[in-house]
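Residue numbers (numbering that gives the first Met the number 0): 0 to 351.
Calculated directly from the structure, the hints in this document are not laboratory data. Each residue gets a CB set at the ideal place from its N, CA and C atoms; glycine is no exception. There may be inaccurate statements among the hints.
[Unchecked claim] Quick list of the computed label-pair ranges, beta carbon to beta carbon:
(1) Val-261 x Arg-54: 38 to 46 Å
(2) Ile-154 x Ser-21: 34 to 42 Å
(3) Arg-240 x Tyr-133: 30 to 38 Å
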Amino acid sequence: MGLQQDPARDSYARLTMTPRLSTPALLFLTAWAQILLYGCNIVLYGVGVFFLLRRKGKIGTTCHLVAISILLALITTTAVVTTIVILAQIVPFTSSADSAFGDIALRVDLVACTLINLVILQLAHINAYAILFYRCYHIWNQKIKILIPPLIIIIAESILYWGFELPLYVKIPYVGGVDSQEYSGTLEKARHFDMATITLSIVADSLLTLLIAGRIWRVRRWLQHSGSHMGQMGGHRDYNRIIAMTLESGIINPIGLIILLVFTAIGNDQASSVLASLLPQIFAIAPLLITVRAGLGLTVEAEQGSTRTAQNQAFSLGSLPSASRVLDITASSSRSEDVELQPSYHKNHPRL
């Protein structure tokens with residue numbers, strides 16, 4: 000009678016037989032991929048802040064977006080610097096004769112760098128959550144109940160990450176390049192928590208985005224049934240444009256997380272490590288796009304020029320309770336308003 004085989008161990012053994020990058024090569028790839036995305040984010044950051052500071056009025060919204068942009072710049076910069084420090088520690092850029100640089104390299108704590116990367120990753124995601132919560136809270140007329148389901152999911156995801164996943168990864172100096180046999184037990188245990196936290200993150204991100212887009216779509220439907228003049232003024236096109244931009248910026252994070260979930264599920268720890276290192280940069284893209292659009296007047300805002308004549312008109316909703324008019328999504332070409340970020344937004348929006 001033959002020995003019983005462990006399917007999980009056999010599967011892991013087959014995966015480890017595939018060609019693997021060395022630790023320096025993996026770090027080099029990770030660092031350059033981060034720098035590439037970081038460069039794109041810095042361009043978005045500079046353009047967004049430049050146009051935000053130039054626009055007149057809406058001081059509160061401008062300060063809010065500028066503060067978010069600065070926070071994102073700090074988070075993404077820290078992520079890149081930490082990766083470069085790890086790369087400099089592992090890859091011998093200097094000769095052994097250079098004792099000064101050698102002493103500096105010896106003082107680099109890889110465990111501390113790993114911890115910083117893990118904390119930065121979650122901070123970037125929390126910042127993305129906060130922006131979605133802020134937009135969803137105002138667009139739903141400050142209804143707390145609508146935010147309870149995604150909030151519960153985010154709390155569960157945070158408990159798994161901070162309580163179980165992070166303590167496991169802190170034990171490993173660098174997950175993607177270490178000896179897989181030596182850390183196979185820890186990696187396999189962490190993989191289950193990875194899949195759970197990633198799945199919860201995908202659900203939370205998608206739910207918040209759909210709540211925002213669904214709210215706007217519902218307003219559009221009520222306006223259509225109310226027999227207003229939206230068709231005449233291109234209102235349907237305006238609301239469709241708003242929904243499209245909301246979904247466009249909202250699907251960036253779920254797409255990145257879904258790809259990470261696939262690599263994690265198949266046990267490709269090197270690809271998972273590279274993509275996880277890129278997540279802080281990915282999480283910064285959507286908020287920075289919102290900042291740029293707000294500065295340029297291209298976000299969830301008033302239509303320019305073509306609907307200028309309808310700026311001061313309101314749409315009668317007839318039988319709709321608790322509302323006499325809906326959001327006026329038109330504005331003059333000289334003024335731009337991000338309706339989702341304005342405290343007064345809920346006052347002019349129907350309570351559906």
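Going down the list of hints, with the structure as the test:
1. For the pair Val-261 and Arg-54, the beta carbons lie near 41 Å from each other, so the given range of 38 to 46 Å is met.
2. In this structure, Ile-154 and Ser-21 meet the distance hint of 34 to 42 Å, their C-beta atoms being roughly 39 Å apart.
3. Taken as a hint, the range 30 to 38 Å is violated for the pair Arg-240 and Tyr-133, whose Cβ atoms sit roughly 21 Å apart.
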